[in-house]
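4 protein chains.
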Amino acid sequence: MDASQTGTGNSEELPSNWGRWGEDDQLGTLNLITAEARARGAAEARTGRTVSLALPIRPAPLISGPFAPSTQDASPVQQMMVYVGSPAPAMADVMLVTNHHPRSTHLDALGHAIRDGRVYPGRPADEAVTPAGARHGSTTAFAAGLATRGILLDLAAGGPLPSGHAVTGRDLEAAEERQSVRLESGDALVVRCGWPMTPDPERPMPGMSLDAVRWMHRRGVSLYAGDIGDAHPDLDPACPLPLHRVALPMMGLPLIDAAEVDELAAVCAELGRYAFLLTVAPPRIHGLTGVPVNPLALF
Amino acid sequence: MDASQTGTGNSEELPSNWGRWGEDDQLGTLNLITAEARARGAAEARTGRTVSLALPIRPAPLISGPFAPSTQDASPVQQMMVYVGSPAPAMADVMLVTNHHPRSTHLDALGHAIRDGRVYPGRPADEAVTPAGARHGSTTAFAAGLATRGILLDLAAGGPLPSGHAVTGRDLEAAEERQSVRLESGDALVVRCGWPMTPDPERPMPGMSLDAVRWMHRRGVSLYAGDIGDAHPDLDPACPLPLHRVALPMMGLPLIDAAEVDELAAVCAELGRYAFLLTVAPPRIHGLTGVPVNPLALF
Amino acid sequence: MDASQTGTGNSEELPSNWGRWGEDDQLGTLNLITAEARARGAAEARTGRTVSLALPIRPAPLISGPFAPSTQDASPVQQMMVYVGSPAPAMADVMLVTNHHPRSTHLDALGHAIRDGRVYPGRPADEAVTPAGARHGSTTAFAAGLATRGILLDLAAGGPLPSGHAVTGRDLEAAEERQSVRLESGDALVVRCGWPMTPDPERPMPGMSLDAVRWMHRRGVSLYAGDIGDAHPDLDPACPLPLHRVALPMMGLPLIDAAEVDELAAVCAELGRYAFLLTVAPPRIHGLTGVPVNPLALF
Amino acid sequence: MDASQTGTGNSEELPSNWGRWGEDDQLGTLNLITAEARARGAAEARTGRTVSLALPIRPAPLISGPFAPSTQDASPVQQMMVYVGSPAPAMADVMLVTNHHPRSTHLDALGHAIRDGRVYPGRPADEAVTPAGARHGSTTAFAAGLATRGILLDLAAGGPLPSGHAVTGRDLEAAEERQSVRLESGDALVVRCGWPMTPDPERPMPGMSLDAVRWMHRRGVSLYAGDIGDAHPDLDPACPLPLHRVALPMMGLPLIDAAEVDELAAVCAELGRYAFLLTVAPPRIHGLTGVPVNPLALF
Chain A
1 MDASQTGTGN SEELPSNWGR WGEDDQLGTL NLITAEARAR GAAEARTGRT VSLALPIRPA
61 PLISGPFAPS TQDASPVQQM MVYVGSPAPA MADVMLVTNH HPRSTHLDAL GHAIRDGRVY
121 PGRPADEAVT PAGARHGSTT AFAAGLATRG ILLDLAAGGP LPSGHAVTGR DLEAAEERQS
181 VRLESGDALV VRCGWPMTPD PERPMPGMSL DAVRWMHRRG VSLYAGDIGD AHPDLDPACP
241 LPLHRVALPM MGLPLIDAAE VDELAAVCAE LGRYAFLLTV APPRIHGLTG VPVNPLALF
Chain B
1 MDASQTGTGN SEELPSNWGR WGEDDQLGTL NLITAEARAR GAAEARTGRT VSLALPIRPA
61 PLISGPFAPS TQDASPVQQM MVYVGSPAPA MADVMLVTNH HPRSTHLDAL GHAIRDGRVY
121 PGRPADEAVT PAGARHGSTT AFAAGLATRG ILLDLAAGGP LPSGHAVTGR DLEAAEERQS
181 VRLESGDALV VRCGWPMTPD PERPMPGMSL DAVRWMHRRG VSLYAGDIGD AHPDLDPACP
241 LPLHRVALPM MGLPLIDAAE VDELAAVCAE LGRYAFLLTV APPRIHGLTG VPVNPLALF
Chain C
1 MDASQTGTGN SEELPSNWGR WGEDDQLGTL NLITAEARAR GAAEARTGRT VSLALPIRPA
61 PLISGPFAPS TQDASPVQQM MVYVGSPAPA MADVMLVTNH HPRSTHLDAL GHAIRDGRVY
121 PGRPADEAVT PAGARHGSTT AFAAGLATRG ILLDLAAGGP LPSGHAVTGR DLEAAEERQS
181 VRLESGDALV VRCGWPMTPD PERPMPGMSL DAVRWMHRRG VSLYAGDIGD AHPDLDPACP
241 LPLHRVALPM MGLPLIDAAE VDELAAVCAE LGRYAFLLTV APPRIHGLTG VPVNPLALF
Chain D
1 MDASQTGTGN SEELPSNWGR WGEDDQLGTL NLITAEARAR GAAEARTGRT VSLALPIRPA
61 PLISGPFAPS TQDASPVQQM MVYVGSPAPA MADVMLVTNH HPRSTHLDAL GHAIRDGRVY
121 PGRPADEAVT PAGARHGSTT AFAAGLATRG ILLDLAAGGP LPSGHAVTGR DLEAAEERQS
181 VRLESGDALV VRCGWPMTPD PERPMPGMSL DAVRWMHRRG VSLYAGDIGD AHPDLDPACP
241 LPLHRVALPM MGLPLIDAAE VDELAAVCAE LGRYAFLLTV APPRIHGLTG VPVNPLALF
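Residue numbers (our numbering), protein chains in the order written: chain A, 1 to 299; chain B, 1 to 299; chain C, 1 to 299; chain D, 1 to 299.
Worth flagging that the hints you see were computed from the coordinates, not collected in a lab.
Check the hints yourself; a few may be wrong.
Output of the computed footprint for chain D on chain C, the stretches with three or more beta carbons under 8 Å from beta carbons of chain D [claimed, not checked]:
1) 84-95
2) 113-127
3) 154-167
4) 201-214
5) 226-237
6) 276-284
Cβ-to-Cβ under 7 Å is the rule here; a few derived chain D residues that face chain A [what the hints assert, rightly or not]:
7) M81
8) V82
9) S86
10) P87
11) A88
12) W195
13) M197
14) V267
Counterexamples of contact, computed for chain D against chain A with all Cβ distances above 12 Å [to be verified]:
15) N31
16) R40
17) T47
18) R49
19) G85
20) P89
21) A92
22) D93
23) P162
24) A174
25) R178
26) G194
27) P233
28) P240
29) R273
30) H286
Bear in mind that the values here come from a model prediction, so they are computed numbers and not experimental data.
From the three backbone atoms N, C-alpha and C, an ideal C-beta is built for every residue, glycine too.
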């Protein structure tokens, strides 16, 4: 695949952290979460009130009849109850998880995104990820969990963003000004556009632009989460999927796809502050390309 | 099954919260996490330093050859890379999770434990949990995550507990005194015995006694985690599995099995304090009997 | 569980082969397939024309989006394409099979059916089948495949059987007379009722009666297949599920559930003969309680 | 991928059936199984004695502990017992099948093999097989089962073939002469080399040569099965994997990998004849790239 196939312009002109933290780096912009950034986050936790940034998932049965009812709904998680004896001394189950399901709040590991046959920070994709799992750029980097300050930029305080709007750096700065908050290097950025997750084929969702991704690069965003991501269809054919084709593979910026931020926005508005302690602690599983996560905002 | 089969003595004399928060309660001792308890926890988060209480999990391949290498190790998580096109535009995978695997740090939902055919707070087990999943006492109660103050009682500060030792309430109080800390109602209790997770058939592990469970009841423990749980084989044949047969089904005390607490103990000793903010945010999945979790201690 | 719970009357009065071929027998009525029975079958194979007695199965995707489309249909088989490299040197997949799915033509192993806590020929169910698989009465007995003479008794030559009709031994004999054929000991019995597999809640399907099961016992049926089985709801509350609660566990008569016999009936009518060589060769997998099978009638 | 990458010489000089039965053909050499070929097969079934050509498969548990024991062995089939109620009214299970496992006797569908980005008879691979399953060249073509005459050519009657031997057309003809049998167009070819399935890294197995594949093309082999296939490592670097890179994608010759033929050879020698009726009736599942099968030889 050459660059023209993957689109998003010429890689040389794009924001990049390849080499910034070494050839073997697996953390990407998590390197920006310094002790100072963590302390800035901890200072926001005062009452211990928590808000989840994850969409609730109702599992579908892994199998259908005769012993489990059928389901008509696809779900990111499929569950099966296990025979453990008769009569059963306990109830137990297994679950099959589709790690990159669009209706699951999940963390994209850096090795998820391939650009010109490579993953961050320039490793050949087929060495980094094999049929037996990911060796480089996997969830291992996130497995011990992390905490930093989170900043919500609510672009939908006055109502959902217009259909097809391409969010720019200027949009993000305007929200900072409106909310009297400033994202510092190492902070996690949480963005709200006010749209439901289920796409309406008639009304294209808004999405992030390459300009917004450049702004994140300049500002030192360590982690991105939002109810808004890359638009489908593309807003800018010359630069499709700026988060998944630039921010993730070039900048090493981990993405939390499909975050649920409505309750967060309501609590921020109620408390009159848009900064909080953000914890991200997925199941401590190594070697995945993505993993469901339940980010917590603590106030 | 009558009581003599399930052991652990006569249910009527055991510590119980059946009815305390209503017939339909699904939270159990999480009801004890009041705003005051949460604030007590938040006050412990000062630097934002985090310690994971989860064992790392290295997934095994879900399938073996010819395209994925075989594995000799069982693992709580089995992973498979998914075909997404050729050449692949991204790397993606699924995972099969054994929710109650003994080498996975996981949260037991209240419906996991059956006592005399019933689950907390007295619901018939076969109504609460069906072939299609759990309707009552499932992970739904934990899905939005929680935060409270955590207290580590390190019973192994002077070395691992003796083989076969049955931990009593007095043991726990002695640790409080040694560490100059006192567990309050609504706090999470984390206990360390200093043993590795892999059982040695020659040397029985220590375990919790019914006396310790009674102490947790009196003190108002909201959540239990530890590298020590119920002993195998039983330490007291008259009262086997006091955590899983009394605390979970009778008191509604959620258990975090197989926690990793060595790093936590080292950090507590280094900082000279045994209290911290504890967050528990499993993937936001409803209806499971258990779920992997990555509890974070924040200092 | 006492006998009144499992219904189907008093076990002592029921047709039974417990002990007939020993306490450890795993073949049940397959013992009746003698060299003579096999030769009788082989004599029917003249042109090599084959008819499948299996329902076609269209797999559903094991997982849904973003890389595999969702499905609205439950299926006995769920398929997933596997990543084998990029670009892919070959195409490969896995499948999850629900062995006892009602829309899958499958063989019930003898250990599938529990009667009064026991499986054929009287072994305790929890010893015969464990969380790790079946040790006794499993598909192992069928794994090398088998051939014998098959006899189709077409009860629907003049149109589908009436709703709710309980098929008796006399019904089967009448079909023999009509078709000028006689089932001998060791033959496989194939029955057609002419109803589609998908149940209509308004119109109860016909089903086999205990009288018909007694007839099979007297005649020495070695294997049963049909588009008709046990009725739901029960036709005779005093004796529910005569095939699954009497024939399978008491007589050790293997059942092929959900056979497709319309094409078979058409070919038999065309050729004017209702006997054929029947081969049953499921995947050679040991230790299952059931397995999909594609029985072939050869003419 | 160009031809030099896929090896096996220039496609234009290779034996090919592209276009022979049309652009949309899905049967390949199964087209050669005429009524005459089937009748020739049926004539061989005299006593009804059956021999399975499938390796026995002992499933491994799908999951490990605490409720199912761990396994140290990889297996083509992984089994899990399902909770169906407490006490259990029946025993049921699911299985996960790795369709192309090297220790499973399985049928390769025509779409399994990709040559220069195409599958038989020249369809683009990414149209034929998608993340949701195979649309062209799948197991659908075999789903109703088939019967034809089978011929065993036992190359190991005098002992296993030498290590690294490349079987030629002349080798196959010599066996015909030795056994006084002649393979006709539409017959299935079964070959025995006398080696165990488990490869010994020190002693390379024998394998089929391109010359043997050309012989199969000239003779009109409809289906191939054997305990010998493509050698690993390649015997002829200029022409690697002649069965999987020429016979399957160019000739449309279905392959049964990893057949078990020792018992078959013993029975043929005992009876003094090497022809039999061969039935191939995999589970009737559409849309797979491969499927476990239990071929039966009937005498």
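Quiz item: Looking back at the hints listed earlier, which ones does the structure fail to meet?
Solution: Hint check: 3, 4, 5, 12, 13, 14, 19, 20, 21 and 22 fail, others pass.
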